[in-house]
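> Each chain is listed here by its residues.
Number of protein chains: 2
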Amino acid sequence: MIGSLFAGHLGRVAEVSVLCRREEHATALNEEGLRVSGRHDFVTRVAAATDPAELPEPELALVATKTTELAAAAARLDGHWPEAAVMTVQNGLGAEEAFDGRRVISAVTFMSGTRHSDTHVEYILDTETWLGPYGETPYELVEETAALIVESGLKARAFEDLRPAQWSKLIFNATVNAVAALTGLPHDPHFAARDEPADLGHLVFELVEEGKRVAAAAGVELHEDPWEMNVLATRRGSRHYPSMLEDVEARRPTEIAHINGSLLREARRRGVETPLQTALYRLIKAKEASYS
Amino acid sequence: MIGSLFAGHLGRVAEVSVLCRREEHATALNEEGLRVSGRHDFVTRVAAATDPAELPEPELALVATKTTELAAAAARLDGHWPEAAVMTVQNGLGAEEAFDGRRVISAVTFMSGTRHSDTHVEYILDTETWLGPYGETPYELVEETAALIVESGLKARAFEDLRPAQWSKLIFNATVNAVAALTGLPHDPHFAARDEPADLGHLVFELVEEGKRVAAAAGVELHEDPWEMNVLATRRGSRHYPSMLEDVEARRPTEIAHINGSLLREARRRGVETPLQTALYRLIKAKEASYS
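Quick mapping for you: the protein sequence lines, in order, are chains W and A. Numbering-wise (the working numbering), the first sequence opens with residue 1 and increments by one. Numbering-wise (the working numbering), the second sequence opens with residue 1001 and increments by one.
Possibly wrong hints are sitting among the right ones.
Unchecked claim - Derived coverage of chain W by chain A (criterion: at least 3 residues anywhere in the stretch with Cβ under 8 Å from a Cβ of chain A; other residues may be distant):
(1) 102-113
(2) 198-208
(3) 276-283
Unchecked claim - Which chain A residues stay away from chain W? Per the calculated CB distances, all over 12 Å, these:
(4) A1028
(5) L1055
(6) T1068
(7) A1075
(8) R1102
(9) L1141
(10) E1196
(11) A1198
(12) S1290
Said to hold, decoys possible - Some chain W residues close to chain A (C-beta under 8 Å, calculated; not the full set):
(13) R213
(14) A286
(15) A289
(16) S290
Note that these hints are calculated values from the structure, not bench results. Small disclaimer: the values here were computed from a predicted structure and weren't measured. Idealized CB from N, CA, C, for every residue including glycine.
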């Protein structure tokens, strides 16, 4: 869905090819193009194939798979497009490491949409994508990429250091996704309520506090306070349906190992106690085990 | 279901009347009697009515409602059967207080069954019911009652002090019920697994530890270690479906406020920290909020 939003928009200002997993997806895109509806409305022509060798080498390869499919995506690019920079747009931390040896741009996105078909995506939340250099990647490349994304009609912002933003989003995501998946609640005002002792907001607050202690131990000064992000988002009244809640309702594997896992791995490395985040992790893993 | 198991069996060794909420339930019982199947198989004649005034005053009134219906049950007995002793069979602590001014026998039961209809209950787990005196109730009454239950074909045991057993069951129940309700898992070996760091057994163990600290602070020496109860039950392979899991799957209010609530109230009273049990409590309350 995120990949389609980027491909559709960028196709208006650059040559865009789409590397698909399924042959019928590639065929449909080649025949019909990619339709964006919702906040924007247009159809872009794209070149699509299931084999990178059939596509021209791009300057930038944008990888926006779910973290659960990241390793497979990286394996498919192996040996192809050696000069292309890679932009990773994943939840959690460490997606960049899958593309060692290439120039990598780190990104996190807050936009969202709904995938209606292989050739149609609806653009819903028109919030920003944040980009930053990874390793030796020059900041100029990040700025150029952000400018291109903005030119295409999406919102983007370049950061010299993305980690403060990445960490804010990580703590927010780990907490809101897991709590939603366990309770069945969309991201609604219950997540911010702290009036009664039994209110869910107390737990959300404490989970965020644990995450902030990990960030502090990792030497990261957060870009935004994840608790404030939570309060603002629930106040906007979007009642956003977190992807992990969608996953457990469809009895699919979740991104827990990548999102919450990257927070817990960092906590272990830094010697920070995270009893509540750890409890959520175990409960979600057990929920996945209940599918079978 | 527990009430029907008692009524069916006790009807073979004593006069039993059933106080029903619904008129058609009373009519069906009067016409067909109460059938027990499963481990035992027989039909007992019982007298049933929806008004206590239509039933003879019993020596013992057995109250086995869910805790969520306890207050209503107590209100219906108000002003009736002043000489009858009351035996409470509820999860959690404090059910006895609803019958202040009467002789009360405290009980917890480990047996289980399935209610097939208004007049048919299946007896599944033939485990014990434990009884003890509450307040000034003479222990002899408890022993007589336990003996009568045993004579009826069920398993029962009298304790001079039931609190150690009640607390063991409370800690076990609070933990297993809430974890099952959140994960969707029946009480299966995941609850005892502690091989990998993400394994659920670690969380169950820590939840039980919190409960044990509360019991210790309340001056209760546990009858059985709830962690051992958990390990043994999962090893038996019964994959028991905890009632709180049934409740959330049917989107019904759960017994969280009574079971886990009595543990947390006691923790607050004794100044014991219970961060994980508190987290579970908030998650289950939020799950209930997601029904609407």
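> Could you work out which earlier hints the structure fails to respect and list their numbers in ascending sequence?
Of the numbered hints given earlier, those the structure breaks are 1, 10, 11, 12, 13, listed in rising order.
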